[in-house]
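Here the protein sequences line up with chains A, B and C, keeping their order.
Counting from 1, position 131 in the first sequence corresponds to residue 130 in numbering that gives the first Met the number 0; the numbering is continuous, with no gaps.
Counting from 1, position 252 in the second sequence corresponds to residue 251 in numbering that gives the first Met the number 0; the numbering is continuous, with no gaps.
Counting from 1, position 314 in the third sequence corresponds to residue 313 in numbering that gives the first Met the number 0; the numbering is continuous, with no gaps.
If you are wondering where the hints come from, they were derived from the structure by calculation, not from laboratory data.
What you are looking at is a predicted structure, and each value in this text was computed from that prediction instead of being measured.
One or more hints might be untrue.
Quick list of in silico lysine-lysine cross-link-like pairs, DSS-like style, CA-CA up to 30 Å [unchecked claim]:
hint, chain 1, residue 1, chain 2, residue 2
1, C, Lys159, A, Lys42
2, A, Lys42, C, Lys231
3, C, Lys315, A, Lys42
4, A, Lys56, C, Lys68
5, C, Lys366, C, Lys231
6, C, Lys277, C, Lys231
7, C, Lys366, A, Lys42
8, C, Lys182, A, Lys42
9, C, Lys176, A, Lys42
DEER-style ranges, computed between Cβ atoms [said to hold, decoys possible]:
hint, chain 1, residue 1, chain 2, residue 2, range
10, C, Pro299, A, Gly102, 45 to 55 Å
11, B, Ser38, C, Thr43, 22 to 32 Å
12, A, Leu166, B, Ala131, 42 to 52 Å
13, B, Ala276, A, Leu77, 46 to 56 Å
14, A, Ile28, C, Asp180, 10 to 20 Å
15, B, Ala276, A, Ala171, 30 to 40 Å
16, A, Leu77, B, Gly277, 33 to 43 Å
Quick reminder that beta carbons are idealized off the backbone N, C-alpha and C, glycines included.
The lines below spell out each chain.
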Amino acid sequence: MSGAWQWLRRNALLLYAGVAVLYMLLPIIVIALFSFDQTSSGKLDYRWSGFTLDYWKDAFSDDAVNEAMITSLQLAALSTIVATAIGTLMALALVRHQFRGRGAANLLIILPMATPEIVIGASLLSMFLIYGIQLGFTTLFIAHVMFSISFVVVVVRSRLIGFDRSLEEAAADLGAPPLTTFRTITLPLLAPGIVAAALLAFALSIDDFVISNFNSGTTETFPLYIFGVSLRGIPVQVNVLATLLFAVTVIGIVFVLWQQQRAERMAAVRPEPEPAV
Amino acid sequence: MSTLRRRLVPYGLLGPGAIWLLLFFAVPMYFMGEMALRSGSLDTGGFTFTWEWQNFSDALSGSNEQLVRSFVYAGLATFFALLIAYPLAYAIALRAGRWKLLLLFAVVAPFFTTYLIRTIAWKTILADASPAVDVLQFLHLVPQDGRVLATGGAVVAGLTYNFLPFMILPIYASLERMDVRLIESAKDLYASSTQAFLRVTLPISAPGIVAGVLLTFIPAVGDYVNALLLGGTGQSMVGNVIQSLYLQQRDYPEASALSFVMMLAILAVVVVYLRFAGTGAFMGDEEEAK
Amino acid sequence: MRHSNDSAGRGRAALLALLALIAAVAIAACGDDDSVGGGSDSGTQVAKSGPVKGEITISNWPAYMDTGKDNTVAEFEDETGVKVDYVEDVNDNAEFFGKLRPQLEQGESGGRSIFVVTDWMAKQMFDLGYLQEIDHDDLQTVFANIRPDLESPAFDPERKFSVPWQSGLTGMMVNEKLAPDVKSVNDLFDPKYKGKVTMLSEMRDTVPLVMKADGVDPTEASKQDWLDAIDKLRDAAESGQIRRFTGNDYNQDMTNENVVAAIGWSGDTSIIENPDVKWRMPTEGCILWSDNMVIPKGAPNTPAALGWMDFVYEPKVQADIAAYVQYVTPVDGVAEILPKLADNQLIFPDAQFTESCSTQPDPPGSKEDQQEVTEAFQDMITGQG
Chain A
0 MSGAWQWLRR
10 NALLLYAGVA
20 VLYMLLPIIV
30 IALFSFDQTS
40 SGKLDYRWSG
50 FTLDYWKDAF
60 SDDAVNEAMI
70 TSLQLAALST
80 IVATAIGTLM
90 ALALVRHQFR
100 GRGAANLLII
110 LPMATPEIVI
120 GASLLSMFLI
130 YGIQLGFTTL
140 FIAHVMFSIS
150 FVVVVVRSRL
160 IGFDRSLEEA
170 AADLGAPPLT
180 TFRTITLPLL
190 APGIVAAALL
200 AFALSIDDFV
210 ISNFNSGTTE
220 TFPLYIFGVS
230 LRGIPVQVNV
240 LATLLFAVTV
250 IGIVFVLWQQ
260 QRAERMAAVR
270 PEPEPAV
Chain B
0 MSTLRRRLVP
10 YGLLGPGAIW
20 LLLFFAVPMY
30 FMGEMALRSG
40 SLDTGGFTFT
50 WEWQNFSDAL
60 SGSNEQLVRS
70 FVYAGLATFF
80 ALLIAYPLAY
90 AIALRAGRWK
100 LLLLFAVVAP
110 FFTTYLIRTI
120 AWKTILADAS
130 PAVDVLQFLH
140 LVPQDGRVLA
150 TGGAVVAGLT
160 YNFLPFMILP
170 IYASLERMDV
180 RLIESAKDLY
190 ASSTQAFLRV
200 TLPISAPGIV
210 AGVLLTFIPA
220 VGDYVNALLL
230 GGTGQSMVGN
240 VIQSLYLQQR
250 DYPEASALSF
260 VMMLAILAVV
270 VVYLRFAGTG
280 AFMGDEEEAK
Chain C
0 MRHSNDSAGR
10 GRAALLALLA
20 LIAAVAIAAC
30 GDDDSVGGGS
40 DSGTQVAKSG
50 PVKGEITISN
60 WPAYMDTGKD
70 NTVAEFEDET
80 GVKVDYVEDV
90 NDNAEFFGKL
100 RPQLEQGESG
110 GRSIFVVTDW
120 MAKQMFDLGY
130 LQEIDHDDLQ
140 TVFANIRPDL
150 ESPAFDPERK
160 FSVPWQSGLT
170 GMMVNEKLAP
180 DVKSVNDLFD
190 PKYKGKVTML
200 SEMRDTVPLV
210 MKADGVDPTE
220 ASKQDWLDAI
230 DKLRDAAESG
240 QIRRFTGNDY
250 NQDMTNENVV
260 AAIGWSGDTS
270 IIENPDVKWR
280 MPTEGCILWS
290 DNMVIPKGAP
300 NTPAALGWMD
310 FVYEPKVQAD
320 IAAYVQYVTP
330 VDGVAEILPK
340 LADNQLIFPD
350 AQFTESCSTQ
360 PDPPGSKEDQ
370 QEVTEAFQDM
380 ITGQG
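Same shape as in the complex, but just chain A:
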């Protein structure tokens, strides 16, 4: 009995993590489940009436969903790259440099997070119209970058604070120019923070509804599409696509990691060639 208890204590954290991840993925499990549900109207009803693969066979038959999904993915990818780049630079400035206007910069970063989305959306719309900017992908891109910057800055900053500068100082002592140090030492060490920030920015963009609604013109993003069809029933293809997206990405990541593992094992087996002296 004590053996089991010991095992439990040692692995309590991992068990908890497993349960927590399960909790986070619960909606996705339900979504995946109901992509196989038989319905009489082709629309989701969340009452299990039997197993069917019909919707999986016609997964890409609804043009509107596909287009909306692709638009959202493009928008999210683009705005994530730009917001993460801009935000990382800002975080570097704020943590590592003393300069006038730090307080104002901090305020400028916090305020967008505190502003209700409908007000940001409506105000941006008015502004775009005054400047004569055509509503559509461009305005969506501008808006998405705008609201993501704050989140990126805060996340990257939390990684930068308490960052051990000794490695960078060592590089400088060895004569490396600042840009090289930044590229080869700072950036890789900062990477987990940047990745975390990018993930957050991507999630924010692909999920945004209110601000996008106001500034999209007639362009349709995935959340806008979903909100529209929810009025008269969501086609089951939506569930299929969501599950597909999730599954493909998981498989992709697993594949990449597996390749990594293989590469490492191969490198371990083959001895390193002796460097020519």
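Got chain A sorted already, so can you dock chains B and C onto it with the hints?
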């Protein structure tokens, strides 16, 4: 590098972001502020600028109940999110090895399905007659003749769930740089697990905790969708009032004024919190954090 | 490196901030106008007719037309050569208005030639000067085939600016197994259904139905009648009798039986996959409304827009739409083409079925009175006051 160039570096780094935010946030905010001081009505002559400071006091007095409720709900959601997120972030940062990326993706994956769909999924799981609710009733977490949906609890649960990634990611980012050997050395020095955690791990993750709390609390206060879909009339938050003022009542001045009131209240709470948490953990003054 | 704490530094910081503020104000002030809102001043304008060609963009509600292959749009394109961009971006009247208003103020429509909004929203837009008028001579098919009871509605007696797309009935959705005795909207206030009842957040559906159940004719009710009904709703909401006020998300609640009776729209029966749930006509009658095609000011290619309106009023074309949408079709002569659906009272209601129904009313009185009633209802929904 010359001193002048060195002095300009931070401005160069700050530049793109500052310009973007000034152009596309500060300017719209100016419009909003200007609208907040207008009076009139859309249908009868439009809104004219009259320095109508009364909009602010009207907004505050009319919606103080929703304001308070928003802070309470957001505070509870932040608290629960922190409890749930910290161990998970720890596990991903320090125990997951090469599977980090996969787990991080799993944390963010629900967002790919859009808010509406994952809320519909939750409403299916937590329907009045569902097995999940039966279990909760069995555990006496829900009264026997009660329900989960359309209650304050549902709104807080929705907020917590939807903001979890905002809490997990920054804590992960700051924990990940910790060298696990620090804990081992602490234990070598006869520290207990708890002491090792409190003296080593917690301080290192402090910036992440502060970041996570801010990224969760601040947007949660202004949220409206969770209260809209998971709550009833008694659960309305400030965001719902602002939506109603803007869309249904078309009272743009009061909607803008209420938004400002809410933002100021949030800022006040944030300032108090940062004083308590130590601004070093947020601003990162290099001297303070060391 | 110097800190910004010395007074000279702080002075300079303040100056910089001031400069930035002035710059922002200058940019913003470029596009300022003295009064926002109040409607467009450009006066009435009649939609120009002409040869039907070119391209148009139509904004409609979701699922109001089959968007699959060989749909109505494709037929129109084949027949006239007009290229149509059919967009389903009207999700909610207030929301659509909210995002389009800034453009409509300037006389722009965002490229749309037609959009579809409910009666009351069409009227508000027209009163604000955002819509063009339509000449009946340009719409021969429409006014030859329009159902007689839709020819002269209260909100647009001469059909100057609106042409119905589809009509609908607001009544009750009832789970016949769990709430068989719910026959009137007053039954929704029965304590035995406490917490299992929802009503619509659409004021012009919920309040008139509540008034009707208490014997008040909503088209002739006074402002006080409206406010009294809202008080009744507030009490029911505060006591927990009414679970929530919903958009159409009551459908999920009814499917999984969280809710056993609700105020709901006739066309939603097809999306509630619970065989026990049926749309019921309240004993006191229902509310009739239409979603209307309107032509905004600034609409490009109005001849093609008028052509589209005429096209969808041909019974053969309308039959496809009616069969798909399953709401009430505004065109006469379609029932004969769809014998299978002809008996469905929710698509082809006969006069007897709708005899106690009222058309969807606006709150009475001046704009200020309407604003007062709207505010009272919204305060009730957000739990204020």
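Evaluation of the provided hints:
no., hint, result
1, C:Lys159 <-> A:Lys42, "violated (38 Å)"
2, A:Lys42 <-> C:Lys231, "violated (36 Å)"
3, C:Lys315 <-> A:Lys42, "holds (27 Å)"
4, A:Lys56 <-> C:Lys68, "holds (18 Å)"
5, C:Lys366 <-> C:Lys231, "holds (24 Å)"
6, C:Lys277 <-> C:Lys231, "holds (26 Å)"
7, C:Lys366 <-> A:Lys42, "violated (41 Å)"
8, C:Lys182 <-> A:Lys42, "holds (29 Å)"
9, C:Lys176 <-> A:Lys42, "holds (24 Å)"
10, C:Pro299 <-> A:Gly102: 45 to 55 Å, "holds (49 Å)"
11, B:Ser38 <-> C:Thr43: 22 to 32 Å, "holds (29 Å)"
12, A:Leu166 <-> B:Ala131: 42 to 52 Å, "holds (49 Å)"
13, B:Ala276 <-> A:Leu77: 46 to 56 Å, "violated (35 Å)"
14, A:Ile28 <-> C:Asp180: 10 to 20 Å, "violated (39 Å)"
15, B:Ala276 <-> A:Ala171: 30 to 40 Å, "holds (32 Å)"
16, A:Leu77 <-> B:Gly277: 33 to 43 Å, "holds (37 Å)"
Checked against the numbered hints given earlier, the structure breaks hints 1, 2, 7, 13 and 14 and satisfies all the rest.
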